[in-house]
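**Student:** Sequence:
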Amino acid sequence: MVDVDAEKDHAVILRRTALRFGCREAQVHRERIMTRQELLAEMILQSRTLAERYFAGFTDANRTRQVPHLPNHFAWCLGHLALTMHRVAEKLDGAGLPDTDFLTGGTPSGGGDAHRFATESVSFGSRPTDDPRGYPTVDRCKAIFAAAAERCAAAFRRASDAALDRPAKWGPGEVPTWSLAPRMVFHNGDHTGQIADLRRALGLGTVLG
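Numbering follows the working numbering, in which position 141 of the sequence shown is assigned residue number 532; successive positions increment by one, without gaps.
Hint data in this document are derived by calculation from the structure and do not stem from the laboratory.
Watch out, some of these pointers could steer you wrong.
With a straight-line Cα cutoff of 20 angstroms, these simulated SDA-like cross-link-like pairs (lysine to any residue) come out [to be verified]:
hint : residue 1 : residue 2
1    : K482      : P567
2    : K482      : L430
3    : K533      : A545
4    : K560      : H578
5    : K482      : T450
6    : K482      : P558
7    : K482      : Q585
8    : K533      : E443
9    : K560      : D522
10   : K533      : P567
11   : K482      : E433
12   : K482      : K533
13   : K560      : E481
14   : K533      : G580
15   : K533      : D522
16   : K482      : E541
Beta-carbon label-pair distances, calculated as ranges [claimed, not checked]:
hint : residue 1 : residue 2 : range
17   : S551      : D588      : 38 to 46 angstroms
18   : D556      : D451      : 37 to 45 angstroms
19   : A553      : G594      : 20 to 28 angstroms
20   : S551      : D522      : 42 to 50 angstroms
21   : P499      : T597      : 29 to 37 angstroms
22   : W561      : R524      : 30 to 38 angstroms
If you're wondering where the values come from, they're calculated on a predicted model, not measured in any experiment.
The beta carbon of each residue, even a glycine, is placed where N, CA and C say it ideally should be.
Based on the sequences and whatever the hints tell you, model everything.
**Tutor:** Here you go:
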């Protein structure tokens, strides 16, 4: 049995959407509406893509350069962002940190190597140091960040509605698990802003043409 009222509502939505975006209603019909899982995953991936625009110019020679009055160097930012996205993914897929990318432990000021971050050296409250020996190479930093974003996005994409609605421990309280995706977008953007400031201080030029 057809729900006439629902059909009318759907037609109104299509018409309004077509008018808003200047397209035909038939074009709207052809577009598949994203699930919220897909939307949350895409948010994570887009934040990765936008952040990566600011990576140009960072090398093994300057990846741990500290600048007066700026908080975090490039390597620390990428390790911290990667660690945080993995912690979110864990709440959905149940897996731990990849030992190819992270050493468990270290100190708040170092302890990693050329291939892996030490968890304590990029966790909240750690202190970045200009010691390249304690951080991965610049290519590994980028790869670890990218892998974390891919895993985090995949965890949201595969999650059930019940899993997304489940409360998750985060900081001092609890939040709906789905809300951790926009939090990651904001977090990635926040530290990308630090990288943008660092770029200016190091004379790396603009990324916007």
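**Student:** Could you work out which of the previously given hints the structure breaks and list their numbers from low to high?
**Tutor:** 5, 7, 9, 10, 12, 19
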